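Novice: Using the sequences and the hints given, assemble the complete structure.
Here is what each chain is made of, one letter per residue.
2 protein chains.
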Amino acid sequence: MITYEQALDVLLSQTVPADPARLPLADCLGLTLAGSVTADRDCPPFDRAMMDGYAVRSADVAAAPVELAVLGDQPAGAAPTLVVGPGQAVGISTGAPLPEGADAVVRVENTESAGECRIRVRVAAAAGANVAAAGVDAIRGQTVLAPGTLLTPARLAAAAAVGAAQLWVYPAPRVGLLATGDELVHHTLSPGVAQVRDSTGPMLEAALRRMGVAAIERGGLCRDVEADIRGRLAGLLERNDVVLVTGGVSVGGHDHVPGVVAGLGGQVRFHRVAIKPGGPVLFATADRSGPGTVGAATDPDPRRPRRRYVLALPGNPVSSSVGWLMLGSVLVGRLMGRGQVRPPRILAMCGREVGPAPGRMTLVPARLRPDDKFAGWRVEPVEEYTGSADVFGLARANALIVRPAGADRLARGAVCEVVSLETMMGGLM
Amino acid sequence: MITYEQALDVLLSQTVPADPARLPLADCLGLTLAGSVTADRDCPPFDRAMMDGYAVRSADVAAAPVELAVLGDQPAGAAPTLVVGPGQAVGISTGAPLPEGADAVVRVENTESAGECRIRVRVAAAAGANVAAAGVDAIRGQTVLAPGTLLTPARLAAAAAVGAAQLWVYPAPRVGLLATGDELVHHTLSPGVAQVRDSTGPMLEAALRRMGVAAIERGGLCRDVEADIRGRLAGLLERNDVVLVTGGVSVGGHDHVPGVVAGLGGQVRFHRVAIKPGGPVLFATADRSGPGTVGAATDPDPRRPRRRYVLALPGNPVSSSVGWLMLGSVLVGRLMGRGQVRPPRILAMCGREVGPAPGRMTLVPARLRPDDKFAGWRVEPVEEYTGSADVFGLARANALIVRPAGADRLARGAVCEVVSLETMMGGLM
Numbered sequence: 001m002i003t004y005e006q007a008l009d010v011l012l013s014q015t016v017p018a019d020p021a022r023l024p025l026a027d028c029l030g031l032t033l034a035g036s037v038t039a040d041r042d043c044p045p046f047d048r049a050m051m052d053g054y055a056v057r058s059a060d061v062a063a064a065p066v067e068l069a070v071l072g073d074q075p076a077g078a079a080p081t082l083v084v085g086p087g088q089a090v091g092i093s094t095g096a097p098l099p100e101g102a103d104a105v106v107r108v109e110n111t112e113s114a115g116e117c118r119i120r121v122r123v124a125a126a127a128g129a130n131v132a133a134a135g136v137d138a139i140r141g142q143t144v145l146a147p148g149t150l151l152t153p154a155r156l157a158a159a160a161a162v163g164a165a166q167l168w169v170y171p172a173p174r175v176g177l178l179a180t181g182d183e184l185v186h187h188t189l190s191p192g193v194a195q196v197r198d199s200t201g202p203m204l205e206a207a208l209r210r211m212g213v214a215a216i217e218r219g220g221l222c223r224d225v226e227a228d229i230r231g232r233l234a235g236l237l238e239r240n241d242v243v244l245v246t247g248g249v250s251v252g253g254h255d256h257v258p259g260v261v262a263g264l265g266g267q268v269r270f271h272r273v274a275i276k277p278g279g280p281v282l283f284a285t286a287d288r289s290g291p292g293t294v295g296a297a298t299d300p301d302p303r304r305p306r307r308r309y310v311l312a313l314p315g316n317p318v319s320s321s322v323g324w325l326m327l328g329s330v331l332v333g334r335l336m337g338r339g340q341v342r343p344p345r346i347l348a349m350c351g352r353e354v355g356p357a358p359g360r361m362t363l364v365p366a367r368l369r370p371d372d373k374f375a376g377w378r379v380e381p382v383e384e385y386t387g388s389a390d391v392f393g394l395a396r397a398n399a400l401i402v403r404p405a406g407a408d409r410l411a412r413g414a415v416c417e418v419v420s421l422e423t424m425m426g427g428l429m
Numbered sequence: 001m002i003t004y005e006q007a008l009d010v011l012l013s014q015t016v017p018a019d020p021a022r023l024p025l026a027d028c029l030g031l032t033l034a035g036s037v038t039a040d041r042d043c044p045p046f047d048r049a050m051m052d053g054y055a056v057r058s059a060d061v062a063a064a065p066v067e068l069a070v071l072g073d074q075p076a077g078a079a080p081t082l083v084v085g086p087g088q089a090v091g092i093s094t095g096a097p098l099p100e101g102a103d104a105v106v107r108v109e110n111t112e113s114a115g116e117c118r119i120r121v122r123v124a125a126a127a128g129a130n131v132a133a134a135g136v137d138a139i140r141g142q143t144v145l146a147p148g149t150l151l152t153p154a155r156l157a158a159a160a161a162v163g164a165a166q167l168w169v170y171p172a173p174r175v176g177l178l179a180t181g182d183e184l185v186h187h188t189l190s191p192g193v194a195q196v197r198d199s200t201g202p203m204l205e206a207a208l209r210r211m212g213v214a215a216i217e218r219g220g221l222c223r224d225v226e227a228d229i230r231g232r233l234a235g236l237l238e239r240n241d242v243v244l245v246t247g248g249v250s251v252g253g254h255d256h257v258p259g260v261v262a263g264l265g266g267q268v269r270f271h272r273v274a275i276k277p278g279g280p281v282l283f284a285t286a287d288r289s290g291p292g293t294v295g296a297a298t299d300p301d302p303r304r305p306r307r308r309y310v311l312a313l314p315g316n317p318v319s320s321s322v323g324w325l326m327l328g329s330v331l332v333g334r335l336m337g338r339g340q341v342r343p344p345r346i347l348a349m350c351g352r353e354v355g356p357a358p359g360r361m362t363l364v365p366a367r368l369r370p371d372d373k374f375a376g377w378r379v380e381p382v383e384e385y386t387g388s389a390d391v392f393g394l395a396r397a398n399a400l401i402v403r404p405a406g407a408d409r410l411a412r413g414a415v416c417e418v419v420s421l422e423t424m425m426g427g428l429m
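Line order of the protein sequences matches chains A and B.
Per our numbering, the first sequence starts with residue 1, numbered consecutively.
Per our numbering, the second sequence starts with residue 1, numbered consecutively.
Read the hints as simulated data drawn from the structure, not as lab findings.
Everything numeric in this text was worked out from a predicted model, so none of it was measured.
Ideal Cβ positions, reconstructed from N, Cα and C, are used throughout, including at glycine.
Treat the hints loosely; a few may be bogus.
To list a few chain B residues with every Cβ distance to chain A over 10 Å, as calculated [said to hold, decoys possible]:
1. Ala159
2. Thr285
3. Ala405
If you want a taste of the chain B side facing chain A, the calculated C-beta under 8 Å gives, among others [claimed, not checked]:
4. Thr3
5. Glu5
6. Gln6
7. Pro75
8. Thr81
9. Val144
10. Gly148
11. Pro153
12. Gln195
13. Val196
14. Glu205
15. Arg210
16. Gly212
17. Ala215
18. Leu421
Just so you have them, the derived chain A footprint on chain B, three or more residues with Cβ under 8 Å [unchecked claim]:
19. 13-21
20. 117-130
21. 226-239
22. 263-274
23. 386-395
Specialist: Structure representation (structure tokens):
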């Protein structure tokens, strides 16, 4: 049994990010940039009016109030044709290029009519006033988005601004799901007296979609029969980059997954991690040829062996949820080229005592909320949580308190580390 | 000009959440529950073995070590048929129902073989040991998910566990997008000398998708011609619940959007908010009949007037991004029935001085990162940010510093409020 930190190290060192692919901008939200995005021209590409008003020579308006002759209008979107000479002005719209001769824009609110084709400028304007100089935001060739950047809406806007209609990104992997267990029925069916509905499938599918994984193969439910598990898993491994298995991963007589994974040529990288819940977890890699899609866009040789990954999680729903969050999301995030793959932790004041964590890192479902008094966060374990099978207790939580292996009891008022289960700090923008 | 808080109040009071619709579980991620989800039977539905081992009578093993006769096996998924009498045990798998007569499970690790069909139990087990009693997680009829719950993967698992294959949720609105401006070309085209690419369209589309809005009508680009804007906006309003317009919303001669909205029967609820950037923003409602989809699933009368919403944002990309985040996401979140719709703020220590915010609430693009010394967050304005047109400066940010209207300069080391632009605290789980 290895520690959680050791398991993370193994997982990260054995996982190779996907080969980059070139995708349309609209498909890149939440992905990580594999190449640079550079400005294709100066931004703004011309001296740009920042306000509606008049393009003027700043020397002319230094002694405002002053009257100027208006030559005409410079609309946005049109190449300038007028030239502003001494004593002259040109009406200008926000976003329009500054006409030749002018070096400043006087806001329309600081002018008034002084007869036909004449205005009075009431306030002086320095050179450059209300003008964004060509290239001030970026010069041609400058990197505006660096490799490794997480593509948020605002960053997609920056790519659009320089005409990067397709981006080199790390594509999301194809993921297959397989739930094992003699007692399971699909959640849309009525279970028999000794049966329960599978809840890990819907959980994992939603969590994968939330990360941006679109290609999810529902491998369905499989009884605890070694040959059945082998057949299903072999097929899922052929067609996917990652297979997430739930159940059958422990050491009992019905736990066939570890043997099946090894029998299929999987290199077991770890089996059992000192984490509670979610400890009976297996991670394996398998290098094989086949129509893997990770990197297919750039790789001309379909026979090149590709690495496939199996993460087998315990069947209890809290265990599989925690295993997904602490290990599965790290695996998928690493394949997607993310820099920040470990679930980020924040500090919070604990509002109620939590028991000790002998021997294993322990995650406790909890409620996290802002606390003005603490000028930070306050967290409390959810009430009536009964353990790793209690999916309803987890549903009442919006965070997990992280107790390091060997930690003593956590006193009320003490500061602890917490992993959020909701996006409480705002959306991706 | 109203304050940001006043604008929020108007926006929330004028916005009616969508009528609930019943959607399949797989389509509910990120939506908000409109009804309750209750347990359809006790959970677990039977006294459930938590470990692989032997079902025993606790009285028999009180004086362990003790030998017991093994009657057979109780697998998971099968109704129990064996009855455990005094001096007897039944092999049992994790997840299996406890046979009649037994009241505890002894872990397999605490037993050893004592001949054919006999085991020796080495450690005593109290009544209830390693057994989850029927109904301990939820009893039949109990609410396991309350109305207003944000549907995370773990909560979808809870719904699946009780067989809620479809959920009553507030569906996402249909949203139309329209970018106005004579200088704009589509981001896939080469702009002329006085033109720039539209970056607000890709930004808004991605931000909407991130919130779970799938039905997005790309209304395209529109020149600053009143009749054109009217025609496009009228069509978008017929087919959508919300229309987001960018550009043409200020008070210049080319700013036709306010007049067009009023001319189409829109009730302008506010125009101009004391926020920088993003101040020239207009919010209007229009009640009209038509094939709106919000609530269509439950509403039998397609002629019933439905409320439509127009939010017109400034055309500069930082202004439109901030306007979206501070007002647009609130509007859409409210329509989607979310309880937490205001962008949540966190406290951070400011690592570099920020200027004063005279008159208007000011949002400053910044880098936010954990700071161990502060036991919290540290934030610094991004360097070389030139203002509301600088989409590259915004792209370098992962947060906005929020300066209240009238705030004095923010000193280095002072604590300030910040809105995160990334999901730095972990994913939705």
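Novice: It remains to establish, for every hint, whether it holds in the given structure.
Specialist: Hint-by-hint comparison with the structure:
| no. | hint | verdict |
| --- | --- | --- |
| 1 | Ala159 | violated (8 Å) |
| 2 | Thr285 | holds (24 Å) |
| 3 | Ala405 | holds (20 Å) |
| 4 | Thr3 | violated (21 Å) |
| 5 | Glu5 | violated (17 Å) |
| 6 | Gln6 | violated (22 Å) |
| 7 | Pro75 | holds (6 Å) |
| 8 | Thr81 | violated (11 Å) |
| 9 | Val144 | holds (5 Å) |
| 10 | Gly148 | violated (13 Å) |
| 11 | Pro153 | holds (4 Å) |
| 12 | Gln195 | holds (6 Å) |
| 13 | Val196 | holds (7 Å) |
| 14 | Glu205 | holds (7 Å) |
| 15 | Arg210 | holds (5 Å) |
| 16 | Gly212 | violated (10 Å) |
| 17 | Ala215 | violated (15 Å) |
| 18 | Leu421 | holds (4 Å) |
| 19 | 13-21 | violated (count 0) |
| 20 | 117-130 | violated (count 0) |
| 21 | 226-239 | violated (count 0) |
| 22 | 263-274 | violated (count 0) |
| 23 | 386-395 | holds (count 9) |
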